[in-house]
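Asks: The C-terminal residue of the sequence shown carries number 434 in my numbering, and the numbering is unbroken.
Worth double-checking, as some hints may not be accurate.
Said to hold, decoys possible - Simulated pairs of lysine-lysine, DSSO-like, Cα-Cα distance not exceeding 27 Å:
1) Lys94 x Lys106
2) Lys106 x Lys346
3) Lys377 x Lys346
4) Lys107 x Lys168
Keep in mind that the hints were calculated from the coordinates and are not lab data.
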Amino acid sequence: MKKRLTILSSVWFLFPTILFLTVWVGVSHSQGILREGITINSDFGVGARSMGMGGAHVAAASDVSAMYWNPAGLVFVRRIELSATLTREEYEIKTSFFNTASDRTKKKTRLNSLGLAYPIPTLRGSLVFGMAINRVHSFDRIYAREGYNDILAYNDQNEVVSGDSYEKETQISAGGLYNWSFCGAMDISEQLSLGIALHIWSGDYEGVFELVDTDTEDVWTFHENTLTQEDDFDLDGYSVGFGGVYRANRQLTFGFSLNSKVNLEFDGEQREEKIYVDDDELMSEKVSYYGFEDAEIPWMFNLGSAYTHKMFKLAADVTYMDWSETENVFDIDNLENKHLYDEVLKLRIGGEFLLPNSPIRLRAGVCSDPLPYQGTKIDRDRVYFTGGIGVLLDRVFTIDLAYVSGSWERVNTEYEYQEETKSNRVFVTSSYHF
Numbered sequence: 001m002k003k004r005l006t007i008l009s010s011v012w013f014l015f016p017t018i019l020f021l022t023v024w025v026g027v028s029h030s031q032g033i034l035r036e037g038i039t040i041n042s043d044f045g046v047g048a049r050s051m052g053m054g055g056a057h058v059a060a061a062s063d064v065s066a067m068y069w070n071p072a073g074l075v076f077v078r079r080i081e082l083s084a085t086l087t088r089e090e091y092e093i094k095t096s097f098f099n100t101a102s103d104r105t106k107k108k109t110r111l112n113s114l115g116l117a118y119p120i121p122t123l124r125g126s127l128v129f130g131m132a133i134n135r136v137h138s139f140d141r142i143y144a145r146e147g148y149n150d151i152l153a154y155n156d157q158n159e160v161v162s163g164d165s166y167e168k169e170t171q172i173s174a175g176g177l178y179n180w181s182f183c184g185a186m187d188i189s190e191q192l193s194l195g196i197a198l199h200i201w202s203g204d205y206e207g208v209f210e211l212v213d214t215d216t217e218d219v220w221t222f223h224e225n226t227l228t229q230e231d232d233f234d235l236d237g238y239s240v241g242f243g244g245v246y247r248a249n250r251q252l253t254f255g256f257s258l259n260s261k262v263n264l265e266f267d268g269e270q271r272e273e274k275i276y277v278d279d280d281e282l283m284s285e286k287v288s289y290y291g292f293e294d295a296e297i298p299w300m301f302n303l304g305s306a307y308t309h310k311m312f313k314l315a316a317d318v319t320y321m322d323w324s325e326t327e328n329v330f331d332i333d334n335l336e337n338k339h340l341y342d343e344v345l346k347l348r349i350g351g352e353f354l355l356p357n358s359p360i361r362l363r364a365g366v367c368s369d370p371l372p373y374q375g376t377k378i379d380r381d382r383v384y385f386t387g388g389i390g391v392l393l394d395r396v397f398t399i400d401l402a403y404v405s406g407s408w409e410r411v412n413t414e415y416e417y418q419e420e421t422k423s424n425r426v427f428v429t430s431s432y433h434f
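Given these sequences and hints, build the entire structure.
Replies: Shown next as structure tokens:
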């Protein structure tokens, strides 16, 4: 990262600053939090109807949310449509570090999407334009671990000893990425429709990382060390999306979409404070780093199909993304990304059922969403189960609800570390058709 270093304040007594660098064992740098956070919720999901069906919407999209899933799906919007979605996420993470358990939960309610689709009158076929703001990525996270780190280490006399320091680590982050989408879609034949979208990205990331290392067994020359890092970044970028829908017959539809690389610019500040405490010594240092960095998030390819009958709809999607093509994230050697990230194949399956003689639709789905970040061994990969309901009121107003629940587990056998994460989201969408 291109940085300008400013020393804000420092106070020290008998020990050189280099001492700080020898005692931080197992620190997860806060830039690493953001680096991993880029992939954790890279596809948060948009719209209650689609999320109730597991996100299988590449071929099934027929409302404002098509601007996110497949811009070609806008051709199915027959009337002016105004739509808004709210989400509430409950994020829980349980950790065990050398048999010491920690549990943290974070809840947040956010605007998920706001969009308008406007059909243009035509002699035949369909021509629709739309614009929307979608929250496509969430940084709302919390993490904690603590315990005695008894991995063998070298003490200050260069003797091999048991680590026997009590480590307590906490990470909290907030923010997200929004894209402003400007889309157009049209029928180019009776069976084929195409759409294109320009996405302008903007967002923010705020994170706090703290590690407290306490020498409880008097192995080291320090009593307690504290490292605190605070991040404050603005993110901006752009990308282009393209999609198509092919209607094989009245029941069967195929869809495809692709999203170009996302060129993101990180611009902000990182503040860092180190405090060294012993019986009669104190040393502290504060620094701030200012700068910016560009990053490229790789291409995403989507294929989908949908089968529609009188009373139900079934849909299935597959998404491919090679995260190892991520470039220039905080000046990491791009070759290292081959090891940090992996390619992923995401699968979504969902369905919708219209209750007889009723304006109510029931939905369910499942999504297999592998974690691309390989910094920690994955013991059980990420899977989401979804359900939802939709109601049409007076032919012009719809309300849709969706519930999305997922979990995954990671381990590190060297540090006797286990991590279980659960994410529960509620989507509420209201749409008005003029």
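Asks: Could you work out which of the previously given hints the structure breaks and list their numbers from low to high?
Replies: Of the numbered hints, all hold.
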